[in-house]
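Sequences listed follow chains A and B, in order. Residue 290 in my numbering sits at position 290 of the first sequence; the count goes up by one each step and never skips. Residue 1173 in my numbering sits at position 173 of the second sequence; the count goes up by one each step and never skips.
Simulated from the structure, these hints should not be mistaken for laboratory data. Since this is a predicted model, take the numbers as computed values, not measurements. Hints may contain errors.
Said to hold, decoys possible - Now the in silico label distances, taken between C-beta atoms and shown as ranges: (1) Pro1010/B / Pro173/A: 22 to 30 Å; (2) Phe1057/B / Pro17/A: 50 to 58 Å; (3) Pro1010/B / Arg184/A: 31 to 39 Å.
Every residue, glycine too, gets a C-beta built ideally from N, C-alpha and C.
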Amino acid sequence: MSSSLAIIAEDVHKHYPNSTPGAGLNGFNLQVPTGTVCGLLGPNGAGKTTAVRILTTLLQLDAGRAIVAGYDVQHQGRQLREVIGLVGQAAAVDEIITGQQNLELFGKLHHLNGATARQRAAELLERFGLSAAANLSVGKYSGGMRRKLDLAASLLVAPSVLFVDEPTTGLDPAARQEVWTALRELIATGTTILLTTQYLEEADQLADQIVLLQAGKVIAADTPTALKQALGSERLELRLHQAEDLAPSLTIAQPLTVGDIGVDQETLTLSIPVTSGIQSLLAVANHLNQHGIEPADLQIRRPTLDEVFLHLTQQPATVQ
Amino acid sequence: MSVPTITNRPYHPLRWFITDALAITQRDLRHWIQQPATILLTWGFPIMLTLMFGGLFGGAMKVPTDSSYFTFLMPGIFGLTIFFGLEGTAQAITVDTTRGIIDRFRSLPINSSTVIFGRCLTDMLDSTIGLVILIGTGLVLGWRWQHGFAAALAGFGLLLFLRFALLWLGIYLGLKRKNPGLASPLQILVWPIGFLSNVFVDPATMPGWLGALATWNPLSATIAATRQLFGNPTFPATAESWAAQHAILLALLWPLLITVIFLPLSAYTFRRLDH
Chain A
1 MSSSLAIIAE
11 DVHKHYPNST
21 PGAGLNGFNL
31 QVPTGTVCGL
41 LGPNGAGKTT
51 AVRILTTLLQ
61 LDAGRAIVAG
71 YDVQHQGRQL
81 REVIGLVGQA
91 AAVDEIITGQ
101 QNLELFGKLH
111 HLNGATARQR
121 AAELLERFGL
131 SAAANLSVGK
141 YSGGMRRKLD
151 LAASLLVAPS
161 VLFVDEPTTG
171 LDPAARQEVW
181 TALRELIATG
191 TTILLTTQYL
201 EEADQLADQI
211 VLLQAGKVIA
221 ADTPTALKQA
231 LGSERLELRL
241 HQAEDLAPSL
251 TIAQPLTVGD
261 IGVDQETLTL
271 SIPVTSGIQS
281 LLAVANHLNQ
291 HGIEPADLQI
301 RRPTLDEVFL
311 HLTQQPATVQ
Chain B
1001 MSVPTITNRP
1011 YHPLRWFITD
1021 ALAITQRDLR
1031 HWIQQPATIL
1041 LTWGFPIMLT
1051 LMFGGLFGGA
1061 MKVPTDSSYF
1071 TFLMPGIFGL
1081 TIFFGLEGTA
1091 QAITVDTTRG
1101 IIDRFRSLPI
1111 NSSTVIFGRC
1121 LTDMLDSTIG
1131 LVILIGTGLV
1141 LGWRWQHGFA
1151 AALAGFGLLL
1161 FLRFALLWLG
1171 IYLGLKRKNP
1181 GLASPLQILV
1191 WPIGFLSNVF
1201 VDPATMPGWL
1211 GALATWNPLS
1221 ATIAATRQLF
1231 GNPTFPATAE
1241 SWAAQHAILL
1251 ALLWPLLITV
1261 IFLPLSAYTF
1271 RRLDH
């Protein structure tokens, strides 16, 4: 066993007898070095949650082998569960009791004594900005607050490996930012994290390594930078009001682009490949302004998950 | 910001099991405090049933001795309350096992059956309190036990034994139900099954086959046994049936049978959650 790997999965298979094909795992392999963040990226039904459930002992595998923090998921479940944290897709907290009572409960179930559990609960509520809601029933929490409480509940005893399953699915942008900030702080402490997400941007923001999953199999694993290079750069999309603006806009965009500018005469749209989206956007906006051209729309487009999968598999990401 | 390393208590299977189950029981009891209306309704509802049936229909009922209908009714209401507890157990188990929190429990370093064990402690406590409240109600309405306190305690013991057996049936049904929001067949079926008994009337007054079902209903066995132990009136016609003559034996055998079937079945179903 290599001690520098926090998560190892070798040829893991899992089939669900009565469910849609593709939701299981079909020869899943994974290696996550200790202290790094791995983003497990894939569309719905790719097997992300199945992988997390197997690695956290919630689900038994059919074949293969998986080791987390040095413990075999099949034979050392209890020891494994002592050193992991799980933030599942559905908020795994009690909605009737208060935030403080939730964290105390999970602290006690981590076998902290009563006083330590209470103190730890208060610390974590403070850290996640939930102190004001400590004595409020969780049913009254917003989606973002619940997620943060969920995250706090996974950190009562510092986990060696933290599993976070789609942490921001269904959250509004503000709540998403809050969850990311919380995760970043945790990443800074050197906790190994396996994060699943449907959003390329999320994996890009947080992960050291991105693993692309499709139909229960890893189809690519690399750093975000390398993956993006493989996919090509960002694009600026500039839509104009009048056809006579096309020519001067092309002249403006020409020195900023790193590739061929796509011109759609019909929709009056320029598609401009760039390296740094924000800087190019500002420069283009500035120049347009100087030339008295008012754009109908100007935006940065990043490769979508669909495009990533299209690129890697030549088939659309959405299976169902 | 650093995450402090906290040393938790060393592994000790039995001590962990007990403290874990108590922590989960505490959580269940906190539900009572957070939602007092729910638990108060659970305890108050049988009082309402007692007053409703005793007050509204009591006058029309022919009680075998010249005592009041309440003296016949109270053991029936005790049994019915115990039986209705089944639905509460099933509902709580469905809520806990279909929402995200079961994943939290199962990803903790605990024996996951402590979740079930904590539920058992809570429900037994719930039913015991409910029973004590009802005994008080009965005493106010003129119901008495006639054969001494020891026999009365044995009667209450039989009621709680039935509750214990029904825990496992409730847990099993709760694990099988996948959506806590749906009104389950169980919510509706507890009524006819509860009423198809000797709770309110003499099964001998029912059509033959229905009367036989009512007589052999496990609930009837426990109620007949407690009427015997409390020295409360019972009906002569029913008293001639084998089931009525061996009420105490049946009040022990039925719950034992239910436990023997549904305890392992519940444990098996719970373990299969990881498949």
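Hint check results:
For the pair Pro1010/B and Pro173/A, the supplied restraint of 22 to 30 Å is violated, since their beta-carbon distance comes to about 45 Å. Between Phe1057/B and Pro17/A the CB atoms are about 52 Å apart, so this pair conforms to the stated range of 50 to 58 Å. Distance hint for Pro1010/B and Arg184/A: a CB-CB separation of about 34 Å, consistent with the stated range 31 to 39 Å.
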